[in-house]
Amino acid sequence: MSAPRAPGNAPRALGSARPIVLVEDDDDHAELTELALRRARVPGRVVRARTGAAALELICGDGPERLPEPPALVLLDLRLPDLDGRTVLERLRAADEAASLRVVVLTASHPDDVPALEGVEALLTKPVRPGVLAELAQRLGMGSAEAGA
Amino acid sequence: MHQPSRRADARVRLGPGGEVHITPAGVDRTGRDAQETIDRMPAMARLWGPEATCEGVNAALTAFTGRDPRDDLGDGWRSAVHPDDLPGFAAEIARAAGRGEGWAREYRLARADGAWAWVLEQGAPRRAGGLGVLVDVTAARVRADALARELGDLSHAVSHDLRSPLLAVEGFAELLAEEAPGLDGEGAHRLSRIRAGAAEMRAMIDGLAELARVARAELVVGPVDVSALADEAVARLRAAEPGRRVDVRVQPRIAVVGDARLVRLVVDELLDNAWTFTRAAGRPRIEVRAVPGDGAPVVSVADTGVGFAAERAESLFAPFAALHPGQGSSGTGTGLAACRRAVARHGGRIWAEGAPGAGATFSFTLAAAPA
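Protein sequence lines correspond, in order, to chains A and B.
Be aware that the first sequence starts at 197, since it is given in the numbering used here, and climbs by one per residue.
Be aware that the second sequence starts at 1014, since it is given in the numbering used here, and climbs by one per residue.
Just so you know, the hints here were simulated from the structure itself, not pulled from any lab data.
The C-beta atom is built at its ideal place from N, Cα and C for all residues, glycine as well.
Check before you lean on any hint, since a few could be wrong.
Sample of chain A residues facing chain B (criterion: CB under 10 Å; computed from the structure) [as the list claims (entries may be wrong)]: (1) 241; (2) 244; (3) 278; (4) 313; (5) 317; (6) 321.
Each pair of labels, with its calculated beta carbon distance range [said to hold, decoys possible]: (7) 315(A) / 1156(B): 22 to 28 Å; (8) 1231(B) / 278(A): 26 to 32 Å; (9) 335(A) / 1191(B): 22 to 28 Å; (10) 1198(B) / 241(A): 55 to 61 Å; (11) 1298(B) / 296(A): 39 to 45 Å; (12) 1159(B) / 311(A): 58 to 64 Å; (13) 1104(B) / 314(A): 20 to 26 Å; (14) 1252(B) / 308(A): 51 to 57 Å; (15) 283(A) / 1092(B): 58 to 64 Å; (16) 289(A) / 1245(B): 36 to 42 Å; (17) 1241(B) / 291(A): 26 to 32 Å; (18) 1231(B) / 241(A): 33 to 39 Å; (19) 1235(B) / 311(A): 19 to 25 Å.
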C-alpha cells in the first residue's frame, strides 16, 4: 500500500496524490480519458503532454518543466506527432533507474494490430472506460475509491 | 536414328472451317519425333508418359533449369520442383494423362541460378501421357505479391487513421447516453442512431484492418488440426447462444499444412457464417468434412441454411459484399474476403456452392491452385 487510501468516497486524497501524466496529442481523446479518470475517482491531478518530447521533459527532463515528484502513473498514447510511443517508453525506462514508473499504453488500434510491449502495466483501447481505470488503479494500489457511475 | 524420309508421308486434311491441317507423318508417332518437335519450339516444353514420368525435355527448358536433360527423365524431374508443390502437380499430371485430359498448373521450378521460379505449365494429352508447355510467371507473381502487400499497408494505415476519430465519436456518444437520461424519446432515438452508425462503421474498419493483417502476415507454416479448430469455434458459438439447437458434425482428424492463425481465421469465419445463416432453418445442420485433394485435402463446411443464388457464388468473396444484403446479415462483408486472401496466401483456393433455400457449402484447399 504505497498510497493512502481515502475512506469511503471522500475525495480528500486527491490533493495529496502524485500526479498522473497523460501523453495524448488528440484533444478529444484527452478529454475522454481525463473524464474517465475523474469518474473512476483515480486520485492525482492530470498533467497533459501533447508530444513525446514534452512527456520526457515532464518526467525525466532537467528543465523547469520537470514535475517536482515522479508521476503515479503515465498514460501513453502510442501514436504521437513527434516521437513514436515506443521510443518514449524506451527513454522513460532508460531514465527510470528505480524502474518504479508505471506506464499504461493507450491505443486507438485494434488490439490485434498492436505488437507486444514489454514493461507496461496494461494496454488499454480507447475510449478508456471508467470501470477499467478504476480496476487498474486498484490493482496498482493507487487508492481509487471505486468505479464511477 | 531419325529417318527424315518419313516426313514425306505428311497427311493433309481439311478442318470444318476449310482450314488446312498438315500433320507431318512420324511426328508424335514415336517419342523421338516428338522430342525433335519440342526441341524446335522456342517455348519451354516437356513430354510426359504415364504416371507422371518424364519422357523428354526440350532445349529451352534445359537452358532454363541448367540441368542435364537425362536427369529429368523418369522421376528425375521431381527433384527440380519445389517440395510443397510437387505432390499436387504430380497427382494432376498423372490424373490428367490417365483420363486423356489437358491441365494447367502453377508451381515452383528450380532455375539454373538455384532460385525458385514460378512457372505455369499447360498441357495437352498425348498417347498415354501429355505434352506440357511452360511459361515463366515469376515476374507476374512477384508483382502481384508486392501489390497485395502494398494494399495491405495502405489498408492498415487507413484503418488506423479512421479508427481514432471514430472512437472519439463513440466515446462522447456513450457519455451522452449515460449522462443524459433526460433525453426524450426522439432525442434518445437520434442518439441511438448515432451510436449504431458509429458501431457499424467501426465493424467495417475492423474488417478492413483484418484484411490488412491477413495480407501482411508472415506465414508460419506447420501442421494444423482443422477438426480441433472447428470444435473450438462451435463451442464458442454454442456458449454465445446456449438456447440454439444446431446439429453440428465435425469429421475428426482433418489435418492441413498451413499457417495456424490464418487457417483458424478461415475455419472461424465459415462456421460463423453457417451458424448465422441456419438461424431460420427448421432442423439446422452444419457439417465439417474433408476429402483428399491434390496434395492437400479439400475441407468443406456445409449447412442447411438459407443458401444463396448460384450467380453470387463468386461475388460473395469480394470485400463488403454482404451475404444477404438487407437481411440482417451479421457480417460486415469482409469475412469471406479475408478467407479468400488467407487461402490465397497459401497458394490455395476457396469456393462456394449453394442455392436459395438449399443451404451453402464453402470449400477450401491449401494446395496450389490450378491456374
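Q) Checking against the hints above, which ones are violated? A) 1, 2, 3, 4, 5, 7, 10, 11, 12, 13, 14, 15, 17, 18
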